[in-house]
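The hints should help you fit chain P onto chain D, whose structure is shown.
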Amino acid sequence: MHIEGNNSLKQLEEELIIRKNIYNFLGAYFYNPQSAEELKKLIEENPFEELKNIHLNEYFMKGTDLLEEFCKNNLETEPQQLSKRLKEEFYRLFIGPERLKAPPYESVYLGKDKIVFDVQTLQIRDCYRCWGLEVEKKYQEPDDHIGIELQFMSYLIDQAVLSLNGKKETLYENLLDQQYFLSQHILAFGPDFFQLVIHNTQEDFYQGLAFLAHGFIKEDLNYLRQLQKEWEPYFKMAQAI
Amino acid sequence: MSEFNGFKKVLNNPFSRRSFLKLSAVAAGTTALVGCSSSLKTISENTVAADDGIKIIPTTGPNNCGGRCVIKAHVKDNVIMRISTDTETDDPRNPQIRACVRGRSYRKYFLSPDRLKYPMKRVGKRGEGKFERITWEEAVETIASEIKRIGKEYGPGSRYVNYAWGYNAQIHPMNLSKRLLALDGGYLQFYNTYSTAATSFATPYTYGTASTGNTPDDWVNSKLLILWGFNPAETIHGSQTMYRLRQAKEAGAKIIVVDPRYTDTAVGFADEWIPLLPTTDNAVMDAMAYVMITENLHDQAFLDKYCLGFDEEHMPEGIYAGNSYKSYVLGESDGVPKTPEWAEKISKVPATTIRHLAREYATNKPAALIQGWGPQRHAYGEQPVRGATVLAAMTGNVGIYGGWASGAGYAGRQRIGSIPIGENPVKAKISCFLWTDAIVRGTEMGAKDGVQGADRLPANIKLIMNTAGNTLINQHSDINKTAEILQDESLVEFIVCSDLFMSPSAKFADILLPGNSFFERNNIGTPWGYGDYVMYANKVIDNLYESRSEYDWLVEVADKLGFKDKFTMGNETEEDWCRYVVAKTQENHPEFPSYDEFKKRGVYKWFYDKPYVAFKKQIEDPENNPFPTPSGKIEIFSQRLYEMNEPKEIPAVPKYISSWEGPEDPLTEKYPLQCIGWHYKRRSHSTHDNNPWMEEAARQEMWMNPEDAKARGIKTGDKAKVFNDRGTTIIPVLVTSRIMPGVVAIPQGGWYQPNEKGEDIRGSINVLTSLRPTPLAKGNPQHTNLVEVIKQ
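In order, the protein sequence lines correspond to chains D and P.
So in our numbering, spot 57 of the first sequence is number 57, and the numbers just go up one at a time.
So in our numbering, spot 492 of the second sequence is number 492, and the numbers just go up one at a time.
None of these hints come from the bench; they were simulated from the model.
If you're wondering where the values come from, they're calculated on a predicted model, not measured in any experiment.
Every residue gets a Cβ at the ideal spot worked out from N, C-alpha and C, and that includes glycine.
Possibly wrong hints are sitting among the right ones.
Chain D residues, not near chain P, derived (Cβ > 10 Å throughout) [as the list claims (entries may be wrong)]:
hint, residue
1, Leu9
2, Ile18
3, Asn73
4, Glu98
5, Leu100
6, Gln140
7, Gln151
8, Ser163
9, Leu164
10, Ala188
11, Gln195
12, His199
13, Asn200
14, Asp204
15, Tyr234
16, Lys236
So the derived label-pair ranges between C-beta atoms look like this [as the list claims (entries may be wrong)]:
hint, chain 1, residue 1, chain 2, residue 2, range
17, P, Ser594, D, Gln140, 29 to 35 Å
18, P, Glu597, D, Asp113, 46 to 52 Å
19, D, Ala188, P, Gly53, 49 to 55 Å
20, D, Ala188, P, Ala28, 24 to 30 Å
21, D, Ala188, P, Gly124, 55 to 61 Å
22, D, Gln140, P, Gln586, 34 to 40 Å
23, P, Ala28, D, Glu232, 26 to 32 Å
24, D, Gln228, P, Ala28, 24 to 30 Å
Just chain D, same shape as in the assembly (with noise of 0.2 Å):
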């Protein structure tokens, strides 16, 4: 690759701004429910009907499937309804009040004791902190909610587009810290969440998504890996400069 090449630059970044765009979705979607206004615009958009065919893995392609049938099924629904459905769904899988069928927090799954404010949260705090960044709702909802990772992924990747559209010395490193937040965290319990979802989730939605998910962040973390040998000379070159 001829990173210096205007096209292969301006192709790297269309590519960065598709994962940002992917990640800062899967966040909001894991985060919130969703207004009827965005469901509706989903649905008729449906940008899973193309997706379908592309072969990125066995999680990608259910969830591409899951999906595209959930828009054209819900195509006549009442969006009001369907967002209604929909917040009672995300409230029983994340938020309670009963027992949580998915707690979306990172402790829960790799911390000794399943709780939420563990030492997990606080890893999780300074990740955010070497980006002078912080929780909206610090020290009351935990820093490690899959939400909330999956939009720092995003944020660091638009940092990514601004380094490669200035200080392209410092990509190197956000690669490096996209590998590692990535593979360290995200994947690293991310699967035993999303497969919660799948398994206890009654809405077609949530399991499409849970699978488009977890398909996309095992792909991104190969992505991530070729893209940091494409650019570990560029970035020697820059160090001995």
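Frame of chain D, contents of chain P only:
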């Protein structure tokens, strides 16, 4: 994987790249980005400072446990890394206050992802469990307006604060709710507790007070301890109680446990275990008295000097002959001598064992017959309470070192400040156990139903505040009936609950509020059992999610109702009230440390040279110190009870009363087993039932004797259906000879969980218990139940 394309490759392909761009466009257009209304924000300058150190902060878990133990929270940047307990050196005068398994699992429990997170309102039928998130503003507004509306429509006496002890501390949510309603014109008050209704009510008929206990540091002075239904190994009656028992044992005391179950306390300490059938305690007590009288082992001089009504020579004036306790025991009044053989038939305790127990107690002075509270949570729970006080008097064990007056056994040497509830303009009171009656037929209830302060209740209950308690469903009797009453929205019109989890009671809320745990609030507490200390429960982390302490939102309700300043008395926060509590405590105890020192240390202990002995003054100098009874004597015969003119159920001297749903009830043909509950080591009442660690420590299971199990083809681990006319529960069985034949025991506090057939599947004993109150105290008979058991 080889048939799949890597993401990179996919993105390199213009066709599939376009597909992703579409998703990307939709995603970008519809969802929030970092920085806008979402989860992450840029750190502002002043919050950048990272605190890396671990602070160790002392606190304590003030749930409704008889103990109150040292919990040290190791906190880093608002995260509790671990908890530990008391590490001070033991001082025998006031030993360590160490946590048991429950205390050590607080972090696991209260930081569960299942905590209630947001205020909610009910959207389905009441009790169905359907809720929708609302704002705190809406919650506060609704509560205030319902308090106002119902007070106006039905009168202030239609508003009730339900028995709730999820927080047992000086800042007490139940009392705060009472304080709020007191300022708004009043509320229907209750007396009694679910723990000690009969003993608190009946003990004063003998002694004039329920404070009949010595402090447990006196147990080393006893030659014999008879623990009658007393199981501090699990119930914890004070965090240092087991230490005191061990001291007594080491000092040579013999320990006898009387209990249908071979309890953990018995396993650890008992020289003898005497099982008896539930509700038959008085048969055994009467026979013990018979043995003492006929063998002349009783302390006649003590009885003559201090007591009223033991024999015909010491009766109040104007009472016909044959009404003394001795006449009853010898059968002179009813023709039935209360011989050990008579008692054996009823209680299944062998006559020789009863003789032996009577002789042991009468000849090993000083001796302490210590009553737990299980035996008085029965259909005629007043009788064993009074029966044991008579035995204590007959053996002359009242008012001396190493003795024990029996009865309620309360003993406290300190007076800790608390938040005043304030004057309640509504004077009517019910027994706390009769609130479901007061919903259905309140205005018909009068003196016969134990109503105090009014001839009739002014209204049926229409509004319930249930702040930090699970007695709305789970801990009250007859859950199925209770649920039916609460489901009828035309009866109670508004219920507000504050809880940490979706408990069976919380499910019946109209407005359900997320309470915060003790880790998130400041408080001050003591054990309800014994112990010469008080603890500061430090707040160690911020409120989780939108949870709040009850005080926090009650202040806002008070504000809406127009009396915020009166409600707070200038105390904006709970910490302000903690200062108030310390100031009040300092007034009673000038030696008490400063607020800051107390808060920092977390615990303040008192040290005494000698144990406290109840009634020491009355025994040493009776002329100048009469007992606080009408006669000034220990009233074995109570004229006040006599005048109630209900001799069958409220006798003037303690008697064995054959109990409904006892072993002699004809109903045994249909339901042949007696079912009792007990306080389980893995729960504090119903708290911790949903704590996974505690399920590992001790699972919910029913004890059954091998004989009863064999007859029903049940083996350990089998699930069984336990049922009577009131309900059915399904529970795994432990087949064990640690329980006597004819009796099954279900540990109380399992969270009611009905299946589609309406059967409880969590072994919640209260689907089997009865709403019929005890005759005198109007207390809860929750261990008096006949059931049948079949293999599931």
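Problem set entry | Verdict on Asn200(D) as a residue remote from chain P, using beta-carbon distances over 10 Å | holds, 14 Å
Exercise. With d taken as the least Cβ-Cβ distance between Gln151(D) and chain P, does d exceed 10 Å?
Worked result: Not fine: 6 Å to the nearest Cβ puts Gln151(D) too close to chain P.
Exercise. Can we confirm that no CB of chain P comes within 10 Å of the CB of Leu9(D)?
Worked result: Non-interface label on Leu9(D) holds, nearest chain P Cβ at 14 Å vs cutoff 10 Å.
Exercise. Is the Cβ of Ser163(D) farther than 10 Å from every Cβ of chain P?
Worked result: Check passes; 16 Å lies beyond 10 Å.
Problem set entry | Range hint 26 to 32 Å (beta carbons of Ala28(P) and Glu232(D)) holds or violated | holds, 30 Å
Problem set entry | No chain P beta carbon within 10 Å of Asp204(D)'s | Label holds. Min Cβ-Cβ 18 Å, cutoff 10 Å.
For this session: Decide, holds or violated, for the assertion that all CB atoms of chain P are farther than 10 Å from the CB of Gln195(D).
Result: holds, 16 Å
Exercise. Against chain P, does Glu98(D) keep a CB gap of more than 10 Å to every residue?
Worked result: Check fails; 5 Å does not lie beyond 10 Å.
Exercise. Taking the beta carbons of Gln228(D) and Ala28(P), is their distance inside 24 to 30 Å?
Worked result: holds, 25 Å
Problem set entry | Nearest-CB test (10 Å) between chain P and Leu164(D) | holds, 15 Å
Problem set entry | Non-interface claim for Gln140(D) versus chain P (Cβ beyond 10 Å) | Violated: least Cβ distance 6 Å, not greater than 10 Å.
Exercise. Taking C-beta pairs only, is Ala188(D) more than 10 Å away from all of chain P?
Worked result: holds, 17 Å
Hint compliance for this structure: hints 2, 4, 5, 6, 7, 18, 19, 21 are broken, all remaining hints hold.
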